[in-house]
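Engineer: Chain by chain, the residues run as shown.
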Amino acid sequence: MAPAWLAWLTWLFLAYFVGLNLVYLTLNLVAMRSAWRDSSVRALAAMPAYTAGLEPGVTICIPAYNEEATIAESVRSMLQIDYPDFEIVVVNDGSKDGTLDVLIREFAMQPFQMAYRRTLAVKPIRGIYRSARHPALLVVDKDNGGRSDAVNAAINGARHGLVCVVDADSVLERDSLKRVVRPFIEDPLTVASGGTVRISNGCQISHGYMQRVDIAPGWLARIQVLEYLRGFHNGRIGWAPMNALLIISGAFGVFRRTTLVDAGGFSTRTIGEDMEMTMRLHRFHRLSGRSYRIAFVPEAVCWTEAPESLTVLRNQRTRWQRGLMESLWTHRNLFFHPKAGTVGWLACPVMLLIEGLGPVVELLGYVVMTVLIALDLISWASFGAFLLLAFGSGLLLSASALLLEEVAFRTYPRPRHLAVLLAAMVVENLGYRQLTVWWRTVGLFKWLTGQKQHWGDMPRRGASGVDGVGPGR
Amino acid sequence: MFDTISDPALRLAAGVGATAIALTFAMAAAVIAMRMHALRLARRNAATLATWRPLLARAAAGEVVDVPHLPAAQCLPLLLLWNQLQESLRGESHDRLNVLGERLGLYTLARRLEDSRSLAARVLGHATLGHFAIASDWQRLDKGMQELNTPASLAAARALLRIDAQAAAPHVLERYLAHSDWPAPRVGTLLRESPHEAIAATFVQRLIGGSLYERLRLLPLLRFAEVPNIDSVLDRLVRTSREPQVLSIALRQLHGPAALADVRKLAAHQDPLVRSAAAQALGRIGAGDDHDVLLSMMSDSNWWVRYRAAQALLGMPRMGADDVVQLRRTVGDRYARDMLDQVMAERGLAAQGRG
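Sequence order for the protein chains is D and F.
Under the numbering used here, the letters of the first sequence match residues 1 to 473, in that order.
Under the numbering used here, the letters of the second sequence match residues 1 to 355, in that order.
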């Protein structure tokens, strides 16, 4: 007879997988409802735009560290964005390569006497340059202080009321900024708005523009396409209608400048500064009883390059997990706070249990079940039932995200893309999922033991990489 | 064995797993079916556009066209195309497309869409009735404007303004003030499309006599409403208002010198939003005497007040290059000097760009 702890473990695994499915299917249903309603509004895109010419000014903040290979292309692409009133502030965060030289050469940057506001404390500024060719382009050269410090330096130099934070190598679709800013026009209570991040590997990008959407030939990138669909569709579209979105991606998010300044700017002490800031905004507004909205605009798209090597992917996933836990821990007083509403009573606990601790439970499940079957403590039927449950839940979450993608967006136009994504749903469960569960557990361990996490290098092919905390499940 | 002590757990695990996989298959099948449907729909819409776009263009240009049979499946894409064209047309061309639309049954179709549960259909219906602008649709559209759905109610409001702007303006403003769902910029575009005399009287009445909420809702629309004697309205607001939000919005739009004395007083207001708006206003309407006021504002604790004051000062009519150099030399405050340097550099770059 098997010991009692085994029965407890079995129920724990069961509760985890059933809970996981229930939470994400519920979120998917909320997202589906929201996307269905919005698809009707999207159908109106062919009608004249009611907000044309009325968009508020936006400062695009681009933190750049050792980006000499891509920075000129990125800035060129940003300069051609379809938006009536914007400026670009590139912050050279003490790059060791020729990032600043490239900017000076390509955009005729000239030293500029600026009464630079030190509203947020940042590392020393070495110089400020303004383009003689593009009056809306400003470069702030400063000592290295990390991504958050660079973004804060850009916020200090921003002149517009809205700041859009993007990665130095992100590729925005031409109309993305117009779309992501829409919530600010329609609802003055909006303090932040995020867009969807999609994987650009395999896509044809030329002069900073997405020319043709495609899916990379490698399965590592293909599975990440699916992961991003799951993370953004099931997670973010689902949480947004409840005003409980816990992360606006650092790769593409717009914030009200005064709100960021009031909140003290991006934290330089966390590796997941985007999630930390989003949670801080929730805490600031909810606990002080102020009305606010954090919006998500799924059709505002930013393209980014995903890692195609296991080493880079491992670094990214451990970093994301650590960032997630840091943010949840920093804002632990939101949990079940009487004033925290859906954020404190639903989103934070779900995030902790499913995304934070979930990898440990899942890993434990794989290890324990394997050991038990090896020791002949459980039957093959039990082992099979566990695998069926684990794979079934993974497949279902992917299928629901794919369904939502098809209903609302249909970004991947060719039937071949659909076939690849359907196949990726299956392939993901054959090793990839188990690896990421392991990496995320390592990230959790690193957070618990306070080990330093370095960003690591991301080899570029000309598109971009994702910063901050990942898309989630 | 494990399964002898926890059979219920085993059964539940297998059941949930099997259900999840069955649901996955069902969803995958739905995705494939939807993709095939979408491809068919795209082909049909492309065929509709290829047939009807040149026909509508010729009809709008005044040619007599033979109208082919319109299959039911092409009605909605055609209605959308017709609306897109109507948006860019005025006068006779617009009227000709109305005639053709009526022949094709688009007016009847639009009235049917008014009762649809689909938001897109209702918006399309309202927009179409707005183009036909038939007075008998007033009640129907007025009802549509009262619904608490932003795109649909805005489309109905636009249609009402097209039918009779004079009569619709008070209703539209009433609806705007009664519910907070209409964003000011969208209402602004509606007002801009309408004859201003239809809007102005109602607008001013509510702006002056309304509550703080009403004034704050209406002020951003002022630039769209094309109110005659706008400066006298703004003067009055600057003179009589106490609320910083109202004051700053009014100051930003002020162009007449009548309120100059009040603007000077507001340059020392405790709210930096009002002070920076006052600095901007002084730059537009100020006189030589305001040089010193702006100079002292350049030492303000707020960056924006300093910036606006420096811009205003350097933009004043009698401020020549020598005066600027002299000013730079005499300014003692470091913050004021830094700001002066920035604004001078900006002007230098702008001049370089123009050159």
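These are computed hints drawn from the structure, not numbers from a lab.
Everything numeric in this text was worked out from a predicted model, so none of it was measured.
We put the beta carbon where it would ideally sit given N, CA and C, even for glycine.
Mixed in with the good hints, there may be bad ones.
Away from chain F, derived, C-beta distances all over 10 Å, residues of chain D [unchecked claim]:
{"no.": "1", "residue": "L120"}
{"no.": "2", "residue": "R293"}
{"no.": "3", "residue": "A381"}
{"no.": "4", "residue": "A385"}
{"no.": "5", "residue": "L396"}
{"no.": "6", "residue": "Y432"}
Some chain D residues judged to face chain F by a derived CB distance under 7 Å, without partners named [said to hold, decoys possible]:
{"no.": "7", "residue": "T10"}
{"no.": "8", "residue": "T370"}
{"no.": "9", "residue": "L422"}
Engineer: If a hint holds in the structure, say so; if it does not, say that too.
Structural biologist: Here is what the structure says about each hint:
1. L120: holds, 13 Å
2. R293: holds, 13 Å
3. A381: D/A381 is in fact no farther than 10 Å from some Cβ atom of chain F, at 6 Å.
4. A385: Since the minimum Cβ distance to chain F is about 4 Å, D/A385 lies within 10 Å and the statement is violated.
5. L396: violated, 4 Å
6. Y432: holds, 17 Å
7. T10: holds, 5 Å
8. T370: Constraint on D/T370 not satisfied, violated at 13 Å.
9. L422: holds, 6 Å
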